[in-house]
Amino acid sequence: MSGDLHVLLQILVMAAVTALLRFLPFWIFRDGERRSGVITYLGAVLPYAVMGMLVVYCLKNVSLLTAPHGIPEAIALLAVAALHLWRRSTLLSIFGGTAVYMLLVQVVFV
Amino acid sequence: MNAKTARLAFRASLPVMAGYLVLGAGFGVLLQDRGYGFFWAFLMSLSIYAGSLQYASLDLISGGASLITTALMTLMINARHFFYGLSMLDRYQDAGKGKPYLIFSLTDETYSLMCAPVPEEADPRQFRLLVSVFDHCYWVAGSAIGGLLGPILPFNTKGLDFAMTALFTVIFLEQWLSSKNHVPALIGLGISAVCLAVLGPDRFVIPSMVLFTLTLAALRRRLEVAEDVR
Chain Y
333 MSGDLHVLLQ ILVMAAVTAL LRFLPFWIFR DGERRSGVIT YLGAVLPYAV MGMLVVYCLK
393 NVSLLTAPHG IPEAIALLAV AALHLWRRST LLSIFGGTAV YMLLVQVVFV
Chain X
84 MNAKTARLAF RASLPVMAGY LVLGAGFGVL LQDRGYGFFW AFLMSLSIYA GSLQYASLDL
144 ISGGASLITT ALMTLMINAR HFFYGLSMLD RYQDAGKGKP YLIFSLTDET YSLMCAPVPE
204 EADPRQFRLL VSVFDHCYWV AGSAIGGLLG PILPFNTKGL DFAMTALFTV IFLEQWLSSK
264 NHVPALIGLG ISAVCLAVLG PDRFVIPSMV LFTLTLAALR RRLEVAEDVR
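So the sequences go chain by chain: Y and X. Numbered continuously in our numbering, the first sequence closes out at residue 442. Numbered continuously in our numbering, the second sequence closes out at residue 313.
Calculated from the structure, these hints are not laboratory results. The beta carbon of each residue, even a glycine, is placed where N, CA and C say it ideally should be. Just to be clear, a hint being listed does not mean it is correct.
[Claimed, not checked] Pairs of lysine to aspartate or glutamate residues, derived as EDC-like cross-links and limited to a Cα-Cα distance of at most 16 Å, are as follows:
| # | chain 1 | residue 1 | chain 2 | residue 2 |
| --- | --- | --- | --- | --- |
| 1 | X | 87 | X | 204 |
| 2 | X | 263 | X | 307 |
| 3 | X | 182 | X | 206 |
| 4 | X | 87 | X | 203 |
| 5 | Y | 392 | X | 204 |
| 6 | X | 241 | Y | 336 |
| 7 | X | 87 | X | 206 |
| 8 | Y | 392 | Y | 405 |
| 9 | Y | 392 | X | 244 |
[To be verified] Residues from chain Y shown here face chain X by an in silico Cβ test under 10 Å; the list is partial:
| # | residue |
| --- | --- |
| 10 | 342 |
| 11 | 422 |
| 12 | 438 |
Please model the entire structure based on the sequences and the hints provided.
This is the structure:
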């Protein structure tokens, strides 16, 4: 275990670099200056692509080649989609899907 | 502060509340496991406020990684936030005094809520600021609770972190259902999946983001003709 001061400095570094990354685009493309059409267009379409990436990101450590071959994730994702198409209630879909997943990894695919 | 706006913002933030309390608590428990109690979890969640980095930081902290390594890891894990800012330039254009806070608190989950339209009856400035503040509170509270109650947690939490996967899936579905043009969503999903398969789990995020941003830019003419892309 490292000293508390070092941990404090590590936290400071992580906070500073994260904030830098979040502020950078706003500094580069400052308000008032005319932005090119492509930046405005990207602002409109990127959210759709990013959300697809975030779903993949959450599943990145699932191995299809070793047991249980991503089956619990596949079933739970289907449960989320089915619940959502049925009721369109965000909370129900999230809690329902998570409950299904917990049941699968704790009881079924142990 | 408008009470109706506050109510609408609270309601919009509920899915994130679920995810953040759970994931925040998970982080608090794990950090406490490594010998750093709830105060550390509280401090980190308040100042860093980035979920996947904080989980990755467990090894950095208990392994005593150097500050350079810590900075590089942060850069790699959080570079995607640069792209979030890029797509929020217009939405945050006249956000008023709260703008620096909105930018500081733009996490994956808050970003996903900011992509949804602001309810008609709500004041947009206040609504966005409140949603951001609520989300931050959930994350900080979840982490502190995890650090405090971790040792006495009575049930098996394995698989609880699926809540975040479910949240992103639901938002992806909502975006899918509310737009007629699915090309941007499919490009994001497809390119990320291919990059994951080729580059592996630790290196695929930035290449995917660069690739689908370039692909979308190249398809601009064709996609702008289809007016469903807002």
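Hints, one by one, checked against the model:
no.: 1; hint: X:87 x X:204; in the structure: holds (8 Å)
no.: 2; hint: X:263 x X:307; in the structure: holds (13 Å)
no.: 3; hint: X:182 x X:206; in the structure: holds (15 Å)
no.: 4; hint: X:87 x X:203; in the structure: holds (11 Å)
no.: 5; hint: Y:392 x X:204; in the structure: violated (39 Å)
no.: 6; hint: X:241 x Y:336; in the structure: violated (30 Å)
no.: 7; hint: X:87 x X:206; in the structure: holds (9 Å)
no.: 8; hint: Y:392 x Y:405; in the structure: holds (11 Å)
no.: 9; hint: Y:392 x X:244; in the structure: holds (14 Å)
no.: 10; hint: 342; in the structure: holds (5 Å)
no.: 11; hint: 422; in the structure: holds (5 Å)
no.: 12; hint: 438; in the structure: holds (5 Å)
The structure fails hints 5, 6 (numbered hints given earlier, in ascending order).
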